[in-house]
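Trainee: Quick one: dock chain against chain with the hints and give me the complex.
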Amino acid sequence: MKTVHLHIEGIVQGVGFRPHVYRLAQEFSLNGWVNNAPDGVHIEIQGKPASVQDFLNALRENPPKLSRIINRTETLVARPKFDGFQIIESKDNSEKSVLLTPDYAICTSCEKELFDPENRRFRYPFITCTNCGPRFSIIDGLPYDRIRTTMQPFNMCSECKNEYDDIYDRRYYSQTNSCPVCGITLSIAENGQQPCEVPDIFQRIYSALHEGKIIAVKGIGGFLLLCDASNKESIQLLRQRKGRPSKPLALMYPDEEMLLSDVETTPQQLEAYMSVEAPIVLFNCKGSMESDLQVNEIAPGLTSLGIMRPYAPLLALIARDFGSPLVATSANISGAPIIYNNEQALSSLSWIADLIITHDRDITLPEDDSVIKFTPEHGKRIILRRSRGFAPNYLARKSVSTDPVLSMGASLKSTFALQHGENTYVSQYLGDQDSFDAHESFKHTLGKLAGVLDFTPREILADMHPQYLSTILAEKLAKSHTIPVWKIQHHEAHFAAVLGENGLIESGEPVLGVIWDGTGYGTDGQVWGGEFFNYENHRFSRIGHLAYFAHILGDKMSREPRLSALSLLHGTIAEQAIKDCFNQQEWEYYHKVLRKGDNLQTSSAGRLFDAAACLAGLGYSTTYEGEAAVKLEALAKTASDKKNLRPIDFEQCMSPVYHLLRFHQFLTNKMPTADAAWQFHAGLVQAIHFKARSHNYRKVAFSGGVFQNDVMVDLLVSLMQEKFELYFHEELSPNDENISFGQLIHHGISSSA
Amino acid sequence: LGHGSGGALTNQLLDSGVFTLLDNEFLHSRHDGAILDLSGKTAFTTDSFVISPIFFPGGNIGDLAVNGTINDLAMCGAKPRYISLGFILEEGLPVEELWEIIYTIKKATENAGVQVVTGDTKVVEKGKGDRIFVNTTGIGTVHPGAEIDAGRVTEGDAVIVSGTIANHGIAIMSQREGLSFETEVQSDTRSLASIIMKLLDEFGPEIHLLRDPTRGGVATVLNEIARQAKVGIEINENNIPIVPQVHGACEMLGLEPLYVANEGIFVGFVDAAHATDVVELLHGLPGSEDACIIGRVVDQHAGQVVMQSAIGGRRIIQMLPGEQLPRIC
Ligand SMILES: [Fe+3]
Ligand SMILES: [Mg+2]
Ligand SMILES: [Zn+2]
Ligand SMILES: [Zn+2]
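Chains as they are written, first to last, in our numbering: chain A, 686 to 1438; chain B, 1452 to 1780.
Here chain B stands alone, though its shape is the one from the complex (with noise of 0.2 Å):
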């Protein structure tokens, strides 16, 4: 990305091909704002994504703002219809790989059914930004059926995740410090939109929760689930899907599979009488092949996540704060 004032770059920019690859009756129109016509219960959200490396085996920065927003609609039960799209490019971007992400952003919207309806772009100087920080926020329509709050997880609930954990955290270890394995480990990095909208045509009000786990894994959203809504959760270690690399490079990294980030994965509380069905439906979803029920809600220790171990045992499975400290003694 070359140099000079950001205004013109800008429009040069998104004349030369934004508005033409995401093209759309929105875009088109070229107003101030997006006049969108929406009926019913909205969901809203926005996220700003700003990581390292912005490739990386499995998708790009570009897919993974745009899935990140679409699943957190999702998440609210809603069907994703619109987001924004927001770039700050720090000069010294190569053209090509801004194009790539424009074009990886082109294919997930399109895989989702989202369409783009509004946008900015701003570039800094360089020192000032990490080569490309992406803003989306969307706009979605919940699901006539979805009665999704934290208040209904109730004693029994079954707890699903939809996938193998782990996979984006470790495919973003092994770019940034050059691991490889056997196998590649590759990012989850998906939209859920289309899985969630079908286990809700399905069975509605007995999916009580949906949560994506992103930034600090299924450990960190079970444990804010078990506070917010003051029940303890139990899971058991042998349940929970992993692919097998993945665990290896969690061993050799020292990391607890369950803290690592996930893009591509939810976890669901459902009424236990429909969580057989739920995961058998899920098992024939593309992206929800290998969902498990790693647990359930119980009576006890409200407000604790235990864990099952494979060893035997039961562990607490801690609200990680920041850094993990050694404790053994």
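Pulled out of the complex, with its shape left as it was, chain A reads as follows (with noise of 0.2 Å):
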């Protein structure tokens, strides 16, 4: 006889896994006992030897569906013999270092029992099992368990706790097992009164929908905006009510069926699409589409769709009776986070919302949808936000150090970061930080997890600019814990973040860093954005960049094109190309500003892509972030010729503005402004391919914002594969919501060296 106890730790609570390892055991005639702690699954497994080995291989190669085991260690004891196998109650004394299972999908058995008129749970709209449903967006502690969610207040009936107790049940030991008899409760409210509970709540749903109306439901990490797709009124209300006027709307399908007919797919993207996580999946339009999409009103002046599947059964009733597309997104108000508690959505959605769909269970960590999408030429996946079904969880290759850390991330688009004993969790995206709201949020998220996972920083680190609110809100955390709080320059962190992901932090040759986004605080007190970095030794250190020009007027520019576009071609022959882009006032006082000698001065590669989009006509100010780069991609994508590479003159390649007046000079020849608009990224990629060349590096890593750029990425692919290794963030978004994951980085490499 023979006895092993296993520590398993990563995803394993919330998904099965204790019934998994009892069936196991019942399978392999064993003894012994598995539970839940906060730092895992504990077993101890005892019999034959020959048996104990089959059931340890057999949940190595099997574990349960959703668990993601990151550790393991199986020791040898000493034990009494056992009577039977047996679940044992969750103990909470040791370290909570447990993963967090995050919210899944609906999973397949559920949505059939959903649409099944037999079943019990037919159209109950919190069907549930150990397989999908709400997990991080309920919890209140840890372990994982109902009583430390908010299912706590729901008692099952009789049924459900029959399936509870069932060890051969699909809803075994689900904490979030509820059914119409005992389950959640729907409401609606309807004019901005108090809701209530109504026996045809789906009827009228559907009967809003289809006369336009603006409908808010809760979802899983918040309420979602829903409105007719195909209705043009409903979207432009929708938009001016929610202070939106042109940044793209995710939709909602009902079924595959139709998704295919609209959009053109990929394997991966509709993999990504039908995965637990279900995110937010851009895909590109078909020519001529199946539905009467508004297409120019959902996304104005872009070629590809936010699409994600209904992924809570709540959801799919709606998306199901509709029975056509629905714009679904975020209730919230411009840039304000998504909101997500009953009191908050009654008192602010009421005048968006025309009827507000609620229920009774609590949400105590809000979460936006994630966005994610892949290049078409060599399908690189990119995160473009990072939030349900990813977030907390970063299952990071080794950790740098173990000490307790806190990182406070950058700014527009904050995430924080924990450093927890092995594990380090990286926060889901938590919105613009100057809005009120959304540093609200992000203080709360912080505080909840910190309080779940019994974590308390020794260290904080944030980002060098002294105007940040998560800077300003780091100095005060440090100064009311006694902590020291250390600054890491913007892009460094961001090198750090693609280094630490890629597994190069002991690399013991040189990487080249290109690090390119909009706006970062330089240790020059200049704003960087166009940077090249060395990292060898534990090091970095900043080899080059593009050439500084003006950056006036402050976040002016960044909201403005035209003001990039100016401090790169004045004085140049181009500089009359943008003369109607101002009037004669602007015009006479922006070149006064810009022959002041004290300007601020930058390298941003954001501004650049600003100024080309604005000389391609795609407009002189922005609405939404990146607005200007994004719709320069989508040009770019559409050239009839991405094949001949038009050369760059190597000794200007690091001259934004030569960039741009190239990218003139096609202009004015008249080729094709789609064309030109691929040979501008054509000519920034030859640029840094010329970088990696000159100064023999085999390894290049890529972060910041401009590695969101489809185009940028194929072509950097396609140019730079052959000759060298390319690293891109995988797990995390390259825009600045990996700043706070490459701030732990970089912390525990300086802390190292």
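Some clues are possibly wrong.
Claimed, not checked - Computed cross-link-like contacts, DSS-like style, restricted to lysine-lysine with a CA-CA straight-line distance of at most 25 Å:
1. Lys1281/A <-> Lys1579/B
2. Lys766/A <-> Lys750/A
3. Lys1579/B <-> Lys1164/A
4. Lys1681/B <-> Lys1128/A
5. Lys971/A <-> Lys1065/A
6. Lys1681/B <-> Lys1161/A
Hint data in this document are derived by calculation from the structure and do not stem from the laboratory.
Mentor: This is the structure in structure tokens:
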């Protein structure tokens, strides 16, 4: 007889791990026990040595579907004879280092039951099982058990309890188990009235959507706003009420069939779309569509659509009932975070939504929908927003340090990260920190997560930017905890993030970091953004950058691409091309400002893309971050000739003015705008290639918002993959969402150096 | 202004008119200092004015210096009584300009009912100054009904501004940058003393705090008070009074009007129950016709100023340290 103690870490709670283990133990006629602890799952398995080995193999090869194991230790122990196999009560007295289970989309078994009139959960909007449903967004403590979630107030009826206790049932130990008899109730609030329960809620939703009304519905991570995606007036009304003039809106399709008829899909995209994380996936529109989707209203100036599947049973019911695509966007007001509690929804959504659909299961941790895309040519996955389904776990390769550290990220696409023992957590996207509500939500999420994990930092990391609210908050927290705060340069943090993700921290050979984005505060007090770094022997050094140009008028320049264009083109022959973007007085005054010698300087690649977009006639001011660059990217994708790379002058390849004048020349030479836009991208890629070549690098890593750009990424891969090892972000977004993680890695590197 | 030794020129200057122009019993007696008879609580303040340009639409450095000090006294709830006047003149300043400044000073003091009781003039070599620097020091008697103290700012207080914001800063900027707008933007420099006295006559202790949002604008003052009084302040962008021209100019210059300087308005924290009456009174007084309630003191976000923005959403209004660095990525 042999007894083995197993400790398994990773995503192992709320995923049916214990019943799985139980069933395996039965199968091999073994004795012992399994339990959930804050540091993962513990198992003691006892029996014939051969059977124990079979059990261990089976568990390794076939773990529960939703689990993700990051560490597993097996110890031979001496134990008296166990009596059978038992699932024992959770303990909560050891260190809380379990990974949190994210929220997962409805599984196929539950979906089948949902639409089966014979099933007792037919059309029950909160059907779940151990393979699906909310986890992270309802958690109140660890270990993950019903009493420490917002399912706690709901007492299971006898039928549900039987399922819960039956080890051979799909709902055995399912903490979110409930049914129409004992479960969560849906209510409806109309025209600013108090919510009430009515029998025909779905009928009302259906009619409201048909009549072009906007409805708010409580989803998994917060409220969503829905309206008919073929109704132009509804979409315009939604945009107007939400204060979101042109930023693309996400869609929700009733079924896969309709999706396939409207957009082009690749197996990769479909897999992501159908995955348990169920993010918004960007798809290219088909030339002609089955449904009468208002593409121009949904994604003005763009050719792709963000679509997610109805990932919660409530959403599945609404989408199926409606039968054609819905606009589905986070319920928030211009820049504020997603609204997730009932009171707030009733008070602030009543003038956006005509109907508010809510229920009595609380959300503890709000999260938006995640957004991902794949580059068309090489199928590189790019995470644009990492939230529901992904956050807050980060299944890092070996962490650099296990000291408890909190990092505060950047500002506009804020996240925070925690190093907690062996585990690294990177929070969901938490919005623009200048928004009061986003800042509050940041503090709430941080407080909640630190509480759940029993986490107290010993050091805090923040960006160097003196005006980031995350940095100011870092200083406040550091002061109140009397712990040190370290400031890390923005682009070094980006670089560290991509190094960390790709296991390059201990790289024996130098790595070139190409870190291109819009804005980051540099160590020289200037605005960086088109940076080249060397990483070698645990040290970062800035080895080059796009040539400086004037950064005038603060954030106004980031909002108005015409100012970037003027800053780059003034005094050149191309300057007249943008004169129409200004009135006489602006033209004169901005020139005067540019003639002054004391302007702030920038090497921003983002501003260079803005300038090119302006020159291409894509508008001289923007209403959402990155709008100009996204439109230029969309334009470049439609180029007719994507083969003939026009060579660049390597002498001038670090000059943004050169790249812009070259673009201007293509345009004046009557090259189609799309082709010229593509050549502009290609010029920058050649410049990066040249830099890597001339410095004899073999490894090149990319980070920063610019590498959300499909055209850039595909061109880099095409041009460089043969001779270079290229590293991109995999699990994290290339944009500022990765700064918090990068800060952790950077700090780990510099404290170990 | 001519060359030669400072001393002689100064005496000559004073003799030839400053005293005559600003004449009063104190200056007349030509003592080394003024002998004042004050009783009760007294407010005392000083400020130096080093600005460029010195002439701007709506005023010049002279009335700015007088009104600035008068307003600082008024913000203490004091009726301004006496001020001192110190000039540092750079050689080469045209005499006509100096006279114009002094004449403006005379008018400003008369309007506000204060007396210049002592003064000083120095002339420095060319390059050692910037045309003209003015220092003013003021003394005033605190209104018996005044109970102005940051500690009295409490939850529920209404936040009032007495007029349209950002006029002074934009007037200076447009002068400096040679910008012209359909209607000229004028500096709002003015004495607030009589408005404040009427306010205190009428409402006394209901006025919890007064501040003039000069450099750094309304945003800076609100942040200072939020921190000092440890309260949260909530304002509504839609309620902030601003002249369309000024708004347009700020837009063009990339400036946030809340951070632009004012010289003739005040920010008041007023007991909520009396706020509308206060505004009504202000509307009837010259110089505060555009007064508005722009927000209130709340029991959340202590130390922070939050603005309900016109396009929806709430924005944190930061204390702006130094230059405005871009943050948008
Ligand atoms: Fe960045
Ligand atoms: Mg002053
Ligand atoms: Zn399920
Ligand atoms: Zn039940």
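Trainee: Report the numbers of all earlier hints that the structure fails to satisfy, in ascending order.
Mentor: 2, 3
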